[in-house]
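Residue numbers (my numbering), protein chains in the order written: chain V, 1 to 407; chain C, 408 to 783.
Treat the hints with care, since some could be wrong.
Sample of chain C residues facing chain V (criterion: CB under 10 Å; computed from the structure) [to be verified]:
#1 503
#2 518
#3 557
#4 558
#5 733
Hints in this document: simulated from the structure, not taken from any laboratory.
Where a beta carbon is used, it is the ideal one built from N, C-alpha and C, also for glycine.
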Amino acid sequence: MENRKRERPAFNRDIAAAMKKHYSDTRTRKPLAHTLMSSNPLIEVAYAAGIQPAFPENYACVCAARHASPAYCEKAEAHHYTQDLCSYCRNNLGYIHTDDMEPPNGGIGDPDLFLLTSSACSHYFKWWDTLHQIHRKPLVFVNTPRVMDPLNMPDYYVDFAKDEIISAIGEIESILNISISPEKLAHAVHQSDRTVAYWQKLLDLQKCVPAPLGLSDLSNALFVLIVMAGTEEGAGLMEKIYHETSRRAAEGKGILDRNEEKHRLLWLNIPFWYNLKILGYFENRGCAFPMSDYCQYIWGVTRMDSNNPLDGLARKSLEGELNTSLDDHIHRLIEDISSYHIDGVIAHSNRSCRVLSVGVLDAANIIRKELDIPVLVLDGDHADERVYSEAETMTRIDAFLEILGGQ
Amino acid sequence: MHSTLKTMAHVVRNAPSVLQNIKARNGKKMIGYFFPVFPEEILYAAGLHPVQLYPRLDEPITLADDHLQTYLCAYLRAEWDQILKRERSYLDGVIIPRSCEAVTFLFQTWKRHNPFDFIDYLNIPWKNSANTLSFFTKELQRVKKNLEAFIHREITSNALADAITLYNQNRSLLRKAGGLRKAKNPPFQAMDIFNMVMSGFVLDKKEHTRMMTDLLSHIEKPADSPEPSPVRLLLSGGCVLDTRLLDIISTAGATIVADDFNNGARSLEPIVAEGEDPLESLAKAYTTVPCGFNTALKDRFSFLANTIAEYAVDGVLFAINRNCETEKFDYPILDQKIRERFRIPTMLIETDYQCAVGPLQTRVEAFVEMIGGKKI
Numbered sequence: 001m002e003n004r005k006r007e008r009p010a011f012n013r014d015i016a017a018a019m020k021k022h023y024s025d026t027r028t029r030k031p032l033a034h035t036l037m038s039s040n041p042l043i044e045v046a047y048a049a050g051i052q053p054a055f056p057e058n059y060a061c062v063c064a065a066r067h068a069s070p071a072y073c074e075k076a077e078a079h080h081y082t083q084d085l086c087s088y089c090r091n092n093l094g095y096i097h098t099d100d101m102e103p104p105n106g107g108i109g110d111p112d113l114f115l116l117t118s119s120a121c122s123h124y125f126k127w128w129d130t131l132h133q134i135h136r137k138p139l140v141f142v143n144t145p146r147v148m149d150p151l152n153m154p155d156y157y158v159d160f161a162k163d164e165i166i167s168a169i170g171e172i173e174s175i176l177n178i179s180i181s182p183e184k185l186a187h188a189v190h191q192s193d194r195t196v197a198y199w200q201k202l203l204d205l206q207k208c209v210p211a212p213l214g215l216s217d218l219s220n221a222l223f224v225l226i227v228m229a230g231t232e233e234g235a236g237l238m239e240k241i242y243h244e245t246s247r248r249a250a251e252g253k254g255i256l257d258r259n260e261e262k263h264r265l266l267w268l269n270i271p272f273w274y275n276l277k278i279l280g281y282f283e284n285r286g287c288a289f290p291m292s293d294y295c296q297y298i299w300g301v302t303r304m305d306s307n308n309p310l311d312g313l314a315r316k317s318l319e320g321e322l323n324t325s326l327d328d329h330i331h332r333l334i335e336d337i338s339s340y341h342i343d344g345v346i347a348h349s350n351r352s353c354r355v356l357s358v359g360v361l362d363a364a365n366i367i368r369k370e371l372d373i374p375v376l377v378l379d380g381d382h383a384d385e386r387v388y389s390e391a392e393t394m395t396r397i398d399a400f401l402e403i404l405g406g407q
Numbered sequence: 408m409h410s411t412l413k414t415m416a417h418v419v420r421n422a423p424s425v426l427q428n429i430k431a432r433n434g435k436k437m438i439g440y441f442f443p444v445f446p447e448e449i450l451y452a453a454g455l456h457p458v459q460l461y462p463r464l465d466e467p468i469t470l471a472d473d474h475l476q477t478y479l480c481a482y483l484r485a486e487w488d489q490i491l492k493r494e495r496s497y498l499d500g501v502i503i504p505r506s507c508e509a510v511t512f513l514f515q516t517w518k519r520h521n522p523f524d525f526i527d528y529l530n531i532p533w534k535n536s537a538n539t540l541s542f543f544t545k546e547l548q549r550v551k552k553n554l555e556a557f558i559h560r561e562i563t564s565n566a567l568a569d570a571i572t573l574y575n576q577n578r579s580l581l582r583k584a585g586g587l588r589k590a591k592n593p594p595f596q597a598m599d600i601f602n603m604v605m606s607g608f609v610l611d612k613k614e615h616t617r618m619m620t621d622l623l624s625h626i627e628k629p630a631d632s633p634e635p636s637p638v639r640l641l642l643s644g645g646c647v648l649d650t651r652l653l654d655i656i657s658t659a660g661a662t663i664v665a666d667d668f669n670n671g672a673r674s675l676e677p678i679v680a681e682g683e684d685p686l687e688s689l690a691k692a693y694t695t696v697p698c699g700f701n702t703a704l705k706d707r708f709s710f711l712a713n714t715i716a717e718y719a720v721d722g723v724l725f726a727i728n729r730n731c732e733t734e735k736f737d738y739p740i741l742d743q744k745i746r747e748r749f750r751i752p753t754m755l756i757e758t759d760y761q762c763a764v765g766p767l768q769t770r771v772e773a774f775v776e777m778i779g780g781k782k783i
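For reference, chain V alone in the conformation it holds in the complex (with noise of 0.2 Å):
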């Protein structure tokens, strides 16, 4: 699969030397906290207490895309962590397990503590449960309640989330002896509200004809809205990014040129990490992917007021889709679809996350019959590449795209 060489934003260079930067500090920055990356409000208060957290999610991304996770997988399988359990967690596990390998991006280093909130995938309890146990280190959890109905979420979800983030602050300072500033807090929140401030206007951006990004970028620049949530040099790299963004949209710049962009595609679910060269593939066929369910509705929905810094973190902790329902998930996605310009959707169901998947095929079903715009579905897994069968996606894709082209 040959890919036309695109000139990419230029902030992909300094998302790269972030995460460079971020690898290196978890190996040599002490305090360090493993901590679960989805709406997990523990991020800012981590970084407000001075301490280093690293993210295993991302980091099985990082494994995914070098190719790395089938030999990590195999190691977890080995100690009994079965192939239907998500290859994320599988790819931490044998990661914890190996010691023969080079790690790529030189690693992660052992933690001190663990941050975990329920409020993404039901089985990250499981997985941090169990590192917990391996590791031997104290697991601060707060436990936030599933919105099934957003518009009518009784009142008490969000003052119990605010005591489950005051009892975690109580917790952390008490295994690091440590106190942690209300000031500093009250920063930290404001400087993540800033990144998902500008984190809201570049995803606005991206509904200009040619779309200003591609789903690389986007997915590139979550880095910045995940793992530097609460930090200056995140808010003040968002923003970079987020200019840039913006004077390309200015001048008609998109991955694609206008005349180029004949198609814009919704991406459902997580990338192939270890396949993103199948963006390419479709950019090289005129089309643009816009926007996808996972860079939009999962992280980077709440703004937060740094003068209630609990409150903010609180709903930050309830409003991410992956702790909503699926209808309202779908009701956006129609929506979305609408204001974006899609076309056409790429619903990937992917044994491996199962929050993003068990609604993908109703999903498919609704938009089709309700926007009569094609939807193919691909079977595959976000990081466990023995799983993806490369011969059959492409056939289904090159029929995808006939079938585009025909309408």
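Following the hints, complete the assembly by docking chain C onto the known chain V.
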């Protein structure tokens, strides 16, 4: 076999028609729910008939494939399939606890397809603290209020207190029956216990309690026999519905003296305090139910360790459904801890909906033979 046990077995085998008959007889609305983490006492106090939901195993999954991928739990796919085939017409509503993604999907898709008059979702705490307990109590208050709107009347504290007493009595009888398996030669087979527990998910609780009382009054305390006892196994997993597995174990020369699954010992766990605020008591008791999805490894191991010691278990068989992430995650560490603490053999078998029985049989026989050999 005692006639009560025969009746219970009939109820389990023919649950859908039994439920239709109950409904025709008493006219009560029926509410289904998943897993023993929902305090069904609230439903009972509301004058509703609670049904813990499990699929039949003799129906190929067809219609559900349009909604749920084959890499998801087959039991939940089967449940959804049977609903699409209109095999739950006796139900008037469902309550879905937060557990795995497939269960949450069922809530959402049921809500969209709207086959029931009542549907609610309950957040179950995944850790025990004053904060989570207070939250869970509020969740129960919310569900109670929604149920009151559904039945157009109040669920009184007295009705709740009576339901708590009845359910405590029922679980106490089931625990007593299970406890008889501590004897060298247990009076009940695993299938008997399975039918006792599962029939309780179908029948009216008063009737089931009466049957359990009658059954236990006819069972004598097992005398110590000079005969060698069979190999004593503990069976652990999410839920065991395929009774062929129980037959295989029995035929192989072992007896299941204890279990750790949702449609077994886990559902007998809550002991609800009486004479206190009913919803607070229910919340406190039900947060101790050691299902896989809501319980930390430390507490799951503690439950297993106590059971292994109390029931003089010779070996542990993990029977885990394919694609059950929750149980699969906990298995490696539980397995390791059991081996380290008790020095007894363990084995994992992967079960699946309508799976071939041959490979299971071979593995179970080898496992039992190995333990039997050791004992001799």
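Now for the hints, and whether the structure bears them out:
| no. | hint | in the structure |
| --- | --- | --- |
| 1 | 503 | holds (9 Å) |
| 2 | 518 | holds (7 Å) |
| 3 | 557 | violated (16 Å) |
| 4 | 558 | violated (21 Å) |
| 5 | 733 | holds (6 Å) |
Violated hints, listed in ascending order, are 3, 4; each of the other numbered hints is respected by the structure.
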